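2 protein chains.
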Amino acid sequence: MKKFLNNPEDFVDEMLEGIYRAHPEVTYANDDKRCYVTANPVPGKVGIVTGGGSGHLPTFLGFVGKNMLDGCGVGGVFQSPSSDQLLEVTKYVDQGAGVLHLYGNYTGDIMNFDMASELAELDDIETAAVVGNDDVASSVVGEEHKRRGVAGIFFLYKAAGAAAAAMKPLAEVKRIAEKAKERTRTMGVALSACIVPEIGKASFQIGEDEMEIGMGIHGEPGISRKKLAPADAVVDEMMDRIFAEQNYAKGDEVAVLMNGLGGTPLEELYILYRRLGQLMDEKGVKIRHVWLGEFATSMEMAGFSISVLHLDDELEPLIAAETNTPFFKHFSN
Amino acid sequence: MKKFLNNPEDFVDEMLEGIYRAHPEVTYANDDKRCYVTANPVPGKVGIVTGGGSGHLPTFLGFVGKNMLDGCGVGGVFQSPSSDQLLEVTKYVDQGAGVLHLYGNYTGDIMNFDMASELAELDDIETAAVVGNDDVASSVVGEEHKRRGVAGIFFLYKAAGAAAAAMKPLAEVKRIAEKAKERTRTMGVALSACIVPEIGKASFQIGEDEMEIGMGIHGEPGISRKKLAPADAVVDEMMDRIFAEQNYAKGDEVAVLMNGLGGTPLEELYILYRRLGQLMDEKGVKIRHVWLGEFATSMEMAGFSISVLHLDDELEPLIAAETNTPFFKHFSN
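Protein chains in written order, with our numbering: chain Y, 1 to 333; chain F, 1 to 333.
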């Protein structure tokens, strides 16, 4: 196992110690380092809480900051945070306007967020929930509720975060998050496995010349495993699935997230993006915003995902809003 | 070779096409995509040009932007750009106040920058040069001129870039870059090799339980190859070398760059940074600024480097200045 580690059991807590050392803009609630929150809550603003397993940096905690999220329950590697932790984060970020729970579609997370929500209501904290399910590969059209949440939740964070920062009420922030969710799709492909520190070996095997289309960010099986194709052909295949679900008219605008899963060099993401740009040109669709880099990773997994948000006049300025977290900065100029 | 590629020979040019598609803030001079320049040169400002081989994103071109660099000659993977390309970039960025060439200590780069400088003088463009050599592992004290330039050049870019943005004259921008250079040291360690696309196989072999201390960013041999140690022990060994060359008094301040070489997850960088923070605490040294992530990579190489800039009252505000490039954004709030 080629990792820089001390005791594998301390992986998450030592990572968090490093993060708190580096970034005084964030802190933790209830004396529990896994209850990760902004150090600067905004009075009267709707709070937004996410949460999920570790091993995906900068997802999830990396999007806590100005104009995005207010808190994050931090689980073990690929494990849900506890309902108690999510409750404590919810209590901390509540500033009198209620709290939106915004997280990915995984059984453990849903169970623990639901429980935290019920307990928060007992404390007279109003909550609402939106569950991201952008991964096209995890089930067919008509069964979107079975789809996993992956990198595309970034757009939900950004849109809902900007709406909350504009002091919109909870119902409105929820509506914005729902709308961004309806209009976001992601497809991913993996070339190699990752290693969970406490397990110490690759989570699955894949041939030296193979790729797996649609693999999840914890190594969940994808749609097909096949011989690695040229970069342009890979993008074409992925975008076929996204185009089939997003009905573009000429002149429409999109936001794109080209996300590296951890082990794929940035150079390759730009080669892949070149092809994506050509395909959008062919359709007469304008890429109004694009971010390339590592946003939702599986530690050292090689691979990438493409997330596309089909913009409209309401979502565009929310996506364009300036953002400043320790892990993600967006100037509008 | 598990890479997302089309024809390996097109790796650099397709990457550049993707970059120009994504980032309208940059463009190219002389109708040559490898003559990478800002789209918004500032009249009367000293221009700063860097250059070097591809395969290190965001180094080198990623630091062209507001308050940093103005242009970059882009070479093939691990190859120097040509003197003609460097000349064209120099001509484009010259805004009447001269041009600083600021790049890493590699034979090919020195030769081509020197030639470009001579040709620029014939065009009445004043130039000056500062050559980064922050890599402690490449030679002993007293022979610093033999040391390679690696990730620490980031601090030279940031300090010189802020000085140029403040409309300082060329001699002053050069002096600032020299001062940042004198006060910057880097140590790196690698766990795995990278694959040059046109070669298609790993550039060297290293055992499954081995690390190489002091390896260069093109796989140049390091100081020692040994069994992979716990994260804290690796940081201790690296920092011993840096502490031996930087003489801190209690209360001194530093800026730190924890740089992933490409294949090492961000989680691990924070675990490593935790230890670095403890060591600085023990010495009573304050980490005034820290950046963690991928700044100077070797494509998919696993490993990391630590760069430390020993701040003083002149350098600190320059390092603190806001910066906005397509690849690196720094808000001061």
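Hints in this document: simulated from the structure, not taken from any laboratory.
Given the structure is predicted, the values throughout are model-derived calculations rather than measurements.
A hint or two may mislead.
All copies of an identical chain are treated as equivalent in the list; a pair is satisfied when it fits inside any one copy or across any two copies.
What the hints assert, rightly or not - Straight-line alpha carbon distances no greater than 35 Å define the calculated DSBU-like cross-link-like pairs of lysine-lysine that follow: (1) K45 x K227; (2) K2 x K201; (3) K2 x K45; (4) K201 x K286; (5) K3 x K286; (6) K168 x K2; (7) K3 x K45.
Hints versus structure:
| no. | hint | result |
| --- | --- | --- |
| 1 | K45 x K227 | neither (50 Å within a copy, 52 Å between copies) |
| 2 | K2 x K201 | both (10 Å within a copy, 19 Å between copies) |
| 3 | K2 x K45 | neither (44 Å within a copy, 46 Å between copies) |
| 4 | K201 x K286 | neither (43 Å within a copy, 38 Å between copies) |
| 5 | K3 x K286 | between (41 Å within a copy, 28 Å between copies) |
| 6 | K168 x K2 | neither (47 Å within a copy, 46 Å between copies) |
| 7 | K3 x K45 | neither (41 Å within a copy, 45 Å between copies) |
When the structure is compared with the earlier hints, violations turn up for hints 1, 3, 4, 6, 7 and for no others.
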